[in-house]
Amino acid sequence: MKRAKHLFRRAFMTLVAALFAISFLMPTVLTISNSFMTQSEINSNYGSVFTAAKDGKTYISEAVNLKFIPDKVTFSQYITTFIKSPEYLLKFWNSVILVVPIVLLQVGVAAVAAYGFSRWRGKVRDSIFFFYVILMLMPYQVTLVPNYLVSDFLGILNTRWAIIFPGAFAPFSVFLLTKFMRRIPVSQIEAAKLDGSSEWQIFTRIYLPQCRSALYSIAILVFIDYWNMVEQPLILLKDAEMQPLSVYLSTINSGEIGLAFAVATIYMIPSLLLFLHGEEYLVEGIAQSGSVKG
Amino acid sequence: MAGVRFENVSKVFDKSVVAVDSFNLEIRDKEFVVFVGPSGCGKSTTLRMIAGLEAPTTGNIYIGDRLVNDITPKDRDIAMVFQNYALYPHMTVYENIAYGLRLRKYPKSVIDQKVKEAAQSLAITELLKRKPKALSGGQRQRVAIGRAIVREPQVFLMDEPLSNLDAKLRNQMRAEILTLRRKLDTTFVYVTHDQTEAMTLGDRIVIMKDGFIQQVGTPQEVFAHPANQFVGGFIGTPQMNFFQGELRKENGRFFVMLGEYPVEISEEKQERLFSCDVQPQAVVLGVRPEHITLENEGIPAVRGVMEMMGSSIHLHMQALGQDVVVVVSGMDDSGHFVDVASEGEQAMLRLHGNAIHLFSAETGENLEFSAKKETFSHEQVAESVLSQETVTPSVPDEPDEKAADETPPAPPTEKKGFHLLRKKK
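Protein chains in written order, with this note's numbering: chain A, 1 to 294; chain B, 295 to 719.
These aren't lab readings, by the way, just hints derived from the structure by calculation. In this text, all values refer to a predicted model and were calculated from it rather than measured experimentally. Beta carbons are placed, not taken as given, at the ideal position from N, Cα and C, and that holds for glycine. One thing to keep in mind: the hints can contain errors.
Not the full set, but computed from the structure, chain A residues with beta-carbon under 10 Å of chain B [as the list claims (entries may be wrong)]:
#, residue
1, 145
2, 193
3, 206
4, 209
5, 239
6, 241
Label-pair ranges, simulated between beta-carbon atoms [claimed, not checked]:
#, chain 1, residue 1, chain 2, residue 2, range
7, A, 277, B, 334, 47 to 53 Å
8, A, 29, B, 460, 40 to 46 Å
9, B, 401, A, 29, 55 to 61 Å
10, A, 128, B, 397, 30 to 36 Å
11, A, 228, B, 311, 31 to 37 Å
12, A, 108, B, 356, 53 to 59 Å
13, A, 273, B, 312, 24 to 30 Å
14, B, 457, A, 283, 44 to 50 Å
15, B, 318, A, 279, 45 to 51 Å
16, B, 463, A, 279, 19 to 25 Å
17, A, 109, B, 307, 28 to 34 Å
18, B, 531, A, 204, 44 to 50 Å
19, A, 273, B, 397, 34 to 40 Å
20, B, 401, A, 100, 38 to 44 Å
With a straight-line cut-off of 27 Å between C-alpha atoms, the simulated DSS-like cross-links for lysine-lysine are [to be verified]:
#, chain 1, residue 1, chain 2, residue 2
21, B, 503, B, 410
22, B, 427, A, 179
23, A, 123, B, 423
24, B, 477, B, 462
25, B, 425, A, 179
26, B, 402, B, 425
27, B, 543, B, 477
28, A, 67, A, 84
29, B, 324, B, 309
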């Protein structure tokens, strides 16, 4: 009886989890499978949606034909993306040159700042760290206006630096990494000092190698966060030429739905690869940063 | 090789917490000195000051002839073994041991040779490619020692290196440290809160409490001649028994009254008390459990619980309104276990006059050394310790007839068998 109850509970939980997984995966699967459809097949599936939207009519769900398996598999959307419509690749490159510096700078700045917060404690440093935590709790939109004003003041508005600079000094990474670094026993630093390490050597040879999983998880999270950004470029980058693909994708029109599917598929590849490669580190990094004793 | 010298060193944390106060000590070249004391006594702080991990608030520290107050840890030519090993978890055992040498830019071949030699001497050669998390506690401690010895430092510092090991491994490592010391033949400063480690390892022991040195001496000295009540209680297992008493002087002889029971004092101690010009006063009498015997006459006691230790038995006796621990042999001469009588039986305790210690009830100082701080040669101490084993009757053979009435009743002088101990049938 008890065993049957246990099995039933397990089956129920699995079913609920499967439903959640399917609902989360459906858009991704739909995007990938539809990117291999012909333009005419896509038009027949989704054409009415865009027509209705343009005419200001009510959205009719019956008009949408959600198809996962293409009638005929084609790479024509990808060929168009890579050869006929280079603006998509240009926007992809825009995303790369915005996000890669942010990730590198943020990880670098966070590592140095976290080292300072974890190595030397004191009232002033702890207060600054407290402010970091407060800042971290605020949604991005709260600081958007000050960011805009500061960018304007610095004369970097409408340049990539308006996004890269605030991105480099984000508090979340510092918080996560500080918590991680505070786990490293002081005796290791003392042993390193007696072994002859300078402060820089302690940082690079003792701290950083031990924070590899945290650094990796931060890099993944930051990359995904900024790869999908919309608000910052919309407000801080007026020049459409510099807009990343995440913004450009929202400007698709009815004739390019198939292309949008292909571009979206290409766009999710870096995030997916990064996640798959560093999944282990990501889990370890977040778990260890979270279960830290103060 | 070099000694270490402390000149009036103090360490104050946060402008109010005095960790070490007026510390003066000379550690000789190639000497093994153990700092021992309870938690918070300042022993680790003192060690860390030698290492340069803490700066003294006042005073000077010398390593050899060099004043090292302002010299960074890496330039002090010292190595340290930490309580939690402090191995770098991302490096292999080889890399851990080689790290200090690499930073000092030794040639690769020299590093390789030194690491392998150290690994061989510590029997960890097969572990060189492993990471610390794949090692047991004892192996990690060996690696930590290996990391220190490859540097061939002038002074070797050890901060409670055996505390994280289980009892069996601790005994084994203790012996290995002694062997290592013989091999390295350098100056060792060792910190522990375990008095057994201190007694077995140290050439000299520095007993500390509340930031002050309580006594410095060889293990024999501190055991046989504790400078004060704290040292008496701290050194020795089981702990020394203490009794509140009254030191009296009659007919030119000292004796102690414990309640209504007199305890005689040996000639040797009489002389010391006289030479220190000690006056009758309230005292705390200390006597080690090994120096109390169960006799037919003496201080009445009732047997409480017992702890069987194998070759010996720790008996808890109720006497003079307190718990008194007495160590008796657990085996007779023929190797049979003795049977100890059941709880609640009566017995008489005899405190041996040559092995008692008299501490001032007011200051806790040992009255035998209170006026002039005596130092003992190793031979004297050894003699004194040995004499406690075969203690002589403490009552004068021919008491002065005139003073017979005033002389305290003599404790029994012969051992007529321990009536609490019966041969097991």
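We went through each hint and held it up to the structure:
no.	hint	in the structure
1	145	violated (43 Å)
2	193	holds (5 Å)
3	206	holds (6 Å)
4	209	holds (4 Å)
5	239	violated (45 Å)
6	241	violated (45 Å)
7	A:277 with B:334: 47 to 53 Å	holds (49 Å)
8	A:29 with B:460: 40 to 46 Å	violated (56 Å)
9	B:401 with A:29: 55 to 61 Å	holds (59 Å)
10	A:128 with B:397: 30 to 36 Å	holds (32 Å)
11	A:228 with B:311: 31 to 37 Å	violated (52 Å)
12	A:108 with B:356: 53 to 59 Å	violated (43 Å)
13	A:273 with B:312: 24 to 30 Å	violated (59 Å)
14	B:457 with A:283: 44 to 50 Å	violated (34 Å)
15	B:318 with A:279: 45 to 51 Å	violated (60 Å)
16	B:463 with A:279: 19 to 25 Å	violated (39 Å)
17	A:109 with B:307: 28 to 34 Å	holds (33 Å)
18	B:531 with A:204: 44 to 50 Å	holds (48 Å)
19	A:273 with B:397: 34 to 40 Å	holds (37 Å)
20	B:401 with A:100: 38 to 44 Å	holds (40 Å)
21	B:503 with B:410	violated (41 Å)
22	B:427 with A:179	holds (21 Å)
23	A:123 with B:423	violated (43 Å)
24	B:477 with B:462	holds (23 Å)
25	B:425 with A:179	holds (24 Å)
26	B:402 with B:425	holds (21 Å)
27	B:543 with B:477	violated (53 Å)
28	A:67 with A:84	holds (26 Å)
29	B:324 with B:309	violated (35 Å)
Violated hints for the displayed structure, listed by number in ascending order: 1, 5, 6, 8, 11, 12, 13, 14, 15, 16, 21, 23, 27 and 29.
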